[in-house]
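> As they're listed, the protein sequences go chains A and B. FYI, the numbering for the first sequence is 136 to 584, going by the working numbering. FYI, the numbering for the second sequence is 10 to 670, going by the working numbering.
Source of the hints: derived by calculation from the structure; they are not laboratory data.
DEER-style ranges, computed between Cβ atoms:
#	chain 1	residue 1	chain 2	residue 2	range
1	A	LEU314	B	TRP165	23 to 33 Å
2	B	ALA134	A	ARG320	31 to 41 Å
3	A	ALA578	B	TRP162	45 to 55 Å
4	B	TRP552	A	ALA491	52 to 62 Å
5	B	ASP635	A	GLU575	24 to 34 Å
Quick caveat, the model's predicted, so the values are computed rather than measured. Even for Gly, the Cβ is constructed at its ideal location relative to N, Cα and C.
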Amino acid sequence: MRRLLHRSFRAVSGLQHRLGRRLTPAGQLAGAGLLAALVIGPNTRLTVAYQAATFIGALLLVALAGVLRRPPALVIRRRLPRFATVGEPLSYPVTVLNPGPRPAAGLTVLEDLADPRPSFEAWRTTPAPDEARRNRFDRAVGYPRWAWLLSMSQRATIGEQPLPVLPPGAEVETRLSLLPQRRGRLTLSGTTVARREPLGLMRALRPRPAPATLVILPRRYPLPPLTLPGARRYQHGGVALAQSVGDSEEFVSLRDYRPGDPLKRIHWRSWARSGRPVVREYQDEFFVRHALVLDTFTPAPTAAFEEAVSVAASFACSAGTQESLLDLLFVGPEAFSVTAGRGVGHVEHLLEILAAVQPCRDRPFATLDRLLLERQAALSGAICVLLGWDAPRRALVSRLRGLGIPTLALVVTDPTATPAVGADGEEAGVHRLLVGRVGEGLARLRGDA
Amino acid sequence: MPPLLLGAALGFWGWQTGVLPVGLAMALGLEARTLVRSRWDLQRADFNRVSDLSTVLLVLMGVYQAVANESARAVTGIIQWLPLLLFPLVACQLYSAAGRVEVAVFFWSQRTRPDETVRVDLTPAYFGLCLLAASTANARTTFYAGLVVLAGWALWHVRGRTGRLRWGLAMAVAALLGWAGHVGLAEAQRVVERRAQSLFLSWIRRDPDPYRTTTSLGDIGELKLSDRIVLRVEPGPGARIPALLRQASYNAYHAPAWIAVDGGFTAVPPEADGATWLLRPDGATDARLTVSAYLPRGRGLLALPNGAVRLDDLMVVSLARSRLGAVRVDEGLGLVTYTAHFPRRGSDESPPTPGDVRVPPRETEAITRVAAELGLAGRPPAEAIAALRAYFLGRFHYTRYLRGAGPGRTALEEFLLTTHAGHCEYFATATTLLLRASGVPARYAVGYAVHEWSGVEHRWVVRARDAHAWALAWVDGAWIEVDTTPAVWIEEETSPASAWQTVSDVWEWATFAFARWRWSERQDRLTGNLGWLLIPLAAMLVWRMWARRRVGQAAPAQAAVMPSPRAGGDSEFYRVERRLTELGFARAPGEPLARWLDVVAAAAPPAVATAPLPALLALHHRYRFDPAGLAAADRRRLRTDAEAWLAAHPPGPASGRAAAT
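Assemble the whole structure, with the sequences as input and the hints as a guide.
Listed below in structure tokens is the structure:
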């Protein structure tokens with residue numbers, strides 16, 4: 136039964152997609168008008184809606200005849216950048232070649248996105264965020280979940296781009312614009328050349344495969360100039376470009392050999408110059424090293440989760456400019472720790488990882504606890520982006536503080552959720568960020584952090 | 010949406026639905042947006058309110074239509090008024106700075122969401138809605154042409170780049186195809202309806218079946234009939250009350266049913282005015298009678314006096330008449346009022362056939378026995394009828410209680426030979442068959458007896474319980490009514506009337522008055538009243554809008570941005586500057602204030618005190634540009650010093666800068 140439902144959803148979504156590509160907005164309005172007229176007009180004595188129905192039907196029929204001739208085959212090459220960011224329109228160049236013997240006019244180009252329809256497994260196992268509030272029928276049939284999953288996997292909208300007149304053999308460059316809507320990997324499967332038929336109700340299409348991918352990075356918020364907790368405490372020597380990490384040993388000077396020094400530290404050239412054994416001396420270095428902890432323990436990728444990822448991305452970016460190391464810690468299919476800053480890793484790398492973070496449904500919160508405590512000795516501070524303020528999360532933050540690690544806790548919640556933070560008085564260093572007003576909440580950090 | 014198209018669609022809607030002034034006013038209201046430069050800064054909450062207003066109007070209209078119409082017409086009635094109901098929302102969209110409406114406005118569940126939802130343009134859908142709503146007015150001659158013109162106008166603006174000729178050709182082909190399609194569709198429905206008509210009629214009809222009526226002869230129990238008023242009668246010259254109004258007549262008895270053999274219907278064409286229907290072109294009349302009757306779903310059998318020749322003022326679409334005199338409305342309004350013209354002497358239509366003198370074999374024995382007892386055979390028709398009247402009046406009595414038939418006997422035998430009691434169907438059936446036995450052609454007729462004068466309504470009323478049956482006899486070349494049921498039946502039927510009768514009669518009179526208003530003069534009254542109702546609503550909306558702040562004309566597709574209030578914009582130094590300008594020390598455009606004050610100080614006559622001005626300017630600058638603002642004491646000093654200076658320098662002619670330099 137559920138497989139049948141899934142199949143029918145797939146079929147309906149596929150039909151919707153095909154109709155959306157085939158029909159122009161005017162054509163879609165005509166189609167809706169035809170349906171409405173058919174509903175009103177079966178009794179030809181009562182109303183003349185049947186006249187409207189036959190006329191619209193005739194219009195669509197003529198339009199259908201108009202799209203039998205396909206538009207000419209064009210060679211389209213796009214130059215996609217590697218990254219885009221949610222909410223920021225991206226415009227990229229496309230070269231179009233008309234190899235045919237006749238000029239091509241009145242054409243448009245459409246991008247084909249990869250099939251966004253969720254698999255049966257994904258549909259069966261992923262609950263929608265507001266599912267608990269839905270009625271029994273919705274939960275049983277699962278269409279809202281399907282629609283939500285579909286919208287989640289539609290990562291970008293790409294409009295129809297008109298092409299200039301292409302003389303035979305000519306190549307022109309134009310730009311396509313894309314509006315990223317959700318983070319993750321955007322897969323383009325091909326391009327389609329389209330032409331409106333004379334009535335402007337339908338498009339004649341000529342698709343052509345041209346696969347390409349693009350990573351859409353999470354939305355990022357501007358952060359106020361922020362003194363991260365624990366910063367500057369270990370800022371010895373001002374070594375800004377060290378290639379080593381954390382408590383690594385750093386070359387300091389040369390000195391005479393003392394018995395017991397390891398042979399690998401002997402500086403052979405100085406020995407040759409001076410005639411006595413000389414060794415390289417190292418000393419421990421201390422860097423500012425922050426943990427950016429992202430809470431992924433939520434059953435569904437809710438809006439709050441997406442905002443939490445955005446907040447983490449915002450911190451990842453700003454930390455990259457602040458001459459410190461940043462460990463991104465989160466639990467996905469396994470526990471991850473990724474380091475960036477001071478030449479070790481690039482912020483882009485962190486963002487790319489954040490673009491792909493998914494909620495963790497099969498592990499307990501304690502996994503994150505352990506991951507963090509394993510690294511606590513090296514940490515000078517922690518920023519925790521949390522999805523709630525329940526007992527385990529409170530315990531994590533208080534344990535970190537107990538270990539002497541200054542911790543900034545940001546709790547991202549839905550405005551309708553019960554205000555767990557602030558209910559028992561605003562704790563120092565714990566801030567509530569409301570979905571929809573996260574930027575505002577982050578800007579307010581300036582005075583408090 | 011191209012300019013004027015929406016207005017044209019609204020005008021078309023108004024024209025088709027018969028509310029042209031309303032349509033034109035709405036069109037004007039929407040198209041005036043190109044002339045009005047300012048736009049309202051409407052937020053989601055405002056749109057929510059307007060959307061709620063439309064919803065309330067929709068609900069009111071739904072209730073009204075449900076009360077006033079039956080289901081199919083109620084639905085089309087609601088659709089017909091949708092352009093008016095959604096007008097506030099569309100007008101708000103067009104006159105708002107945003108120019109679009111958020112989808113969340115239409116869903117209660119999304120209204121609380123803080124983030125902005127998708128914004129949509131309602132006008133294309135509204136355009137389509139106007140055309141659909143126009144179609145429900147059923148203007149069969151003009152709608153299609155208007156539809157093609159408006160659709161062509163809209164499609165011209167979205168056409169592909171393939172040349173005007175091809176576009177014109179495609180439109181012409183589509184228009185022709187659509188025309189052929191709708192003509193074919195209407196014809197197809199006509200054919201199907203004709204085939205299924207008798208089946209359909211027997212299914213939905215509450216009226217007697219014109220082909221067959223089943224009597225209660227032989228049933229057991231008490232007949233119970235409703236007090237509901239079904240007809241209202243106003244007799245004209247020549248008409249007499251009490252009277253019988255016939256709905257159908259039958260010519261073959263097959264116990265317990267009377268059947269109309271060869272009673273097929275033929276359509277009656279209306280006269281030129283569309284309201285006069287000639288049932289028999291050659292008939293002479295000398296009496297008339299006006300009847301008001303409800304027609305459920307706009308169809309039903311008309312109750313008519315015997316031998317009706319012509320019907321006046323009957324506002325229906327199609328009418329059909331059977332050979333046996335039944336008249337059926339196939340499509341009409343919910344309430345019809347018609348004047349029937351008829352001859353007093355009886356009807357000479359549809360002369361008798363051999364079937365009209367046939368007595369069914371099962372009843373032959375009893376009928377022959379009674380006929381012999383009365384000596385009916387061979388007597389002239391008038392005498393036979395008189396004998397029958399006397400026989401039934403003297404020996405029989407009326408009862409609504411049904412006893413059923415005895416073992417081995419028919420119900421009619423039981424009635425004639427044993428019980429001598431029954432209701433009108435017994436009397437009518439027995440009379441018909443006895444007349445036939447005496448050689449007089451006779452038929453069985455059903456309809457209503459008119460006998461009750463209503464003090465509430467001041468006219469004759471006919472209730473459902475006045476349903477009656479009688480015989481028709483062919484005497485001297487005409488069908489005359491022979492009602493042998495003892496007149497006491499009327500009292501019998503009336504006696505159990507409830508104490509609430511008067512109350513329910515008043516209520517029925519009120520609903521009748523409403524229905525008559527509703528169906529009279531087509532729909533103009535409704536329209537006019539609804540239009541008046543809209544005025545206070547529109548006024549309220551406009552007032553609410555006016556009370557809001559307005560923002561300047563937004564560039565198309567660009568959201569209006571509120572200018573942030575300028576810090577220090579209320580500084581009194583501006584007044585000092587204006588006063589100096591009035592005194593003739595105009596500041597050159599772009600001249601810094603400090604340098605200008607230097608120039609003024611150098612050029613001013615001693616009457617103009619320039620010494621305090623630099624201090625004032627310093628305060629003014631701090632007030633305007635210092636991010637920390639001005640302390641309260643300094644702010645006060647700026648005000649008092651400036652006002653003191655202004656008081657010392659009243660406006661008036663002074664030696665101007667030009668003169669001084």
